[in-house]
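J.: Okay, here's what each chain looks like letter by letter:
2 protein chains.
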Amino acid sequence: MINGMKNPPDVRIQLPEESSSGPLNGNVTNRKAEVMQVVLRALCLETSVTALSLMVTAKQASTISVFGFNIPLHSKWSFSHSFEFLVGITAAVALHLILQLLISGSRLQRGSPIISSRNHGWIIFAGDQVFALAVMSAASSASSVSSLNHTGIRHTALPNFCKPLHYFCDRVATSIAFTFFSCFLLAILVVLDVLWLSSKR
Amino acid sequence: MINGMKNPPDVRIQLPEESSSGPLNGNVTNRKAEVMQVVLRALCLETSVTALSLMVTAKQASTISVFGFNIPLHSKWSFSHSFEFLVGITAAVALHLILQLLISGSRLQRGSPIISSRNHGWIIFAGDQVFALAVMSAASSASSVSSLNHTGIRHTALPNFCKPLHYFCDRVATSIAFTFFSCFLLAILVVLDVLWLSSKR
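Chains A and B, in that order, are what the protein sequence lines are.
Quick note: the first sequence uses full-length UniProt numbering, first residue 1, plus one each step.
Quick note: the second sequence uses full-length UniProt numbering, first residue 1, plus one each step.
Simulated from the structure, these hints should not be mistaken for lab results.
Be aware that a few hints might be false.
Identical copies look the same in the list; a pair holds intra-copy or inter-copy alike.
Said to hold, decoys possible - Here are the computed lysine to any residue pairs in the SDA-like style, where the Cα-Cα straight-line distance is at most 20 Å: (1) Lys-76 to Ala-61; (2) Lys-200 to Trp-122; (3) Lys-163 to Val-35; (4) Lys-200 to Ser-117; (5) Lys-76 to Ser-147; (6) Lys-200 to Asn-119; (7) Lys-200 to Arg-118; (8) Lys-200 to Gly-121; (9) Lys-200 to Leu-108; (10) Lys-76 to Gln-60; (11) Lys-76 to Tyr-167.
Isolated chain A (complex conformation) (with noise of 0.2 Å):
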């Protein structure tokens, strides 16, 4: 006799409901929003490393003549811990983003969902809105201690700094405005976090 199979049995191939609703009979409306976030973590990116470069550049030496003497004066973003601050933020959310990227990119590639799972969901919202909440600190802080720079404080004798050192302000400034940028893009990748929790179950 040989070993053989006379009625081989009815195999059915039943893929998982996930990799069905892939990019072969895809969801548009997913795929859209997909790469709309990819989109949106790239332009992040890019603002909060102009804003982190614009920072680190920031030094200016200049002299202010007080009664005819010529008093030098320098500059520099590491002499406030606010500036300092910012520095150390951005540089987290760009490495978060750039991790982001990576890993959506290559899913993305291979035509998987960018969020594999629920608690992969969960663990992206939990650091967008972590960084957002930390990026909007540190542009405040750094925000309130230039603001303080241009006008001095009141009541007491500090000076306007920033006339003879307006290329080291203006430079700092660009910088606190592209990291409020990366905030609101941030606080908008949350939405689309949430938006992306709430239609799954």
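Position chain B relative to chain A; hints supplied.
T.: Here is chain B on its own, set in the frame of chain A:
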């Protein structure tokens, strides 16, 4: 003939789905989450009002002696834009929370769920998120000004204000600490809102 009903029709009152999951055959987990949300909101209201009242009562007059001269020193919260910003934001948060508490309190008493629909859930999420970011901004900018008051600005002649004005500085610091705590509570409320949105379709 007398107008009357010999065979009264079989009247059945069909309660809508929403209200039948209310307190009678209630979903205990939902109810617990709702009560927790109300408690967190009340706690956050308390911390915001504390921060607000500590800040608006922060003023002190003192003297500083320089070369034997007594120079009068006067400090008030309204001398700094950042402290004014903090007062404005904590007041707005308190109003938002009072409104939410009134709405959800009356709904809890009536036994209906405190979030009536998905749209309502999204509105509450948006409010909490915007206020969390705003409170973070206010607390950060106030704390950077306050830390400058404590340490002075490096490379300038700004003195340590907080030696003669320790009452003022302590009050401001406590107010800022309460503001950060409000932000933390609002961030938790945002997570609860997202949990609600992700559990309902």
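J.: Evaluate each hint against the coordinates.
T.: For each hint, the structure was consulted:
In this homomeric assembly, Lys-76 and Ala-61 come within 20 Å of each other (Cα to Cα) only inside a single copy, at 9 Å, whereas the closest approach across copies is 34 Å. In this homomeric assembly, Lys-200 and Trp-122 come within 20 Å of each other (Cα to Cα) both inside a single copy, at 12 Å, and across copies, at 16 Å. Proximity of Lys-163 and Val-35 under a CA criterion of 20 Å is satisfied in neither setting, with 45 Å inside one chain copy and 56 Å between copies. With identical chains, the CA atoms of Lys-200 and Ser-117 are at most 20 Å apart both within one copy (9 Å) and between copies (17 Å).
Taking the shortest Cα distances, Lys-76 and Ser-147 sit within 20 Å of each other both inside one copy (16 Å) and across copies (19 Å). In this homomeric assembly, Lys-200 and Asn-119 come within 20 Å of each other (Cα to Cα) both inside a single copy, at 11 Å, and across copies, at 17 Å. In this assembly of identical chains, the alpha carbons of Lys-200 and Arg-118 lie at most 20 Å apart whether taken from the same copy (8 Å) or from different copies (14 Å). For the identical chains of this complex, Lys-200 and Gly-121 are neighbours both inside a copy (10 Å) and across copies (16 Å), given an alpha-carbon limit of 20 Å.
Taking the closest pair of Cα atoms, Lys-200 and Leu-108 come within 20 Å of each other only inside a single copy of the chain (19 Å); across copies the shortest separation is 28 Å, beyond that limit. With identical chains, the CA atoms of Lys-76 and Gln-60 are at most 20 Å apart within one copy only, with a shortest distance of 7 Å there and 33 Å across copies. For the homomeric pair Lys-76 and Tyr-167, the shortest alpha-carbon distance inside one copy (11 Å) is at most 20 Å, but the shortest distance between copies (33 Å) is not.
Hint check: a violation occurs at hint 3 only; the rest are consistent with the structure.
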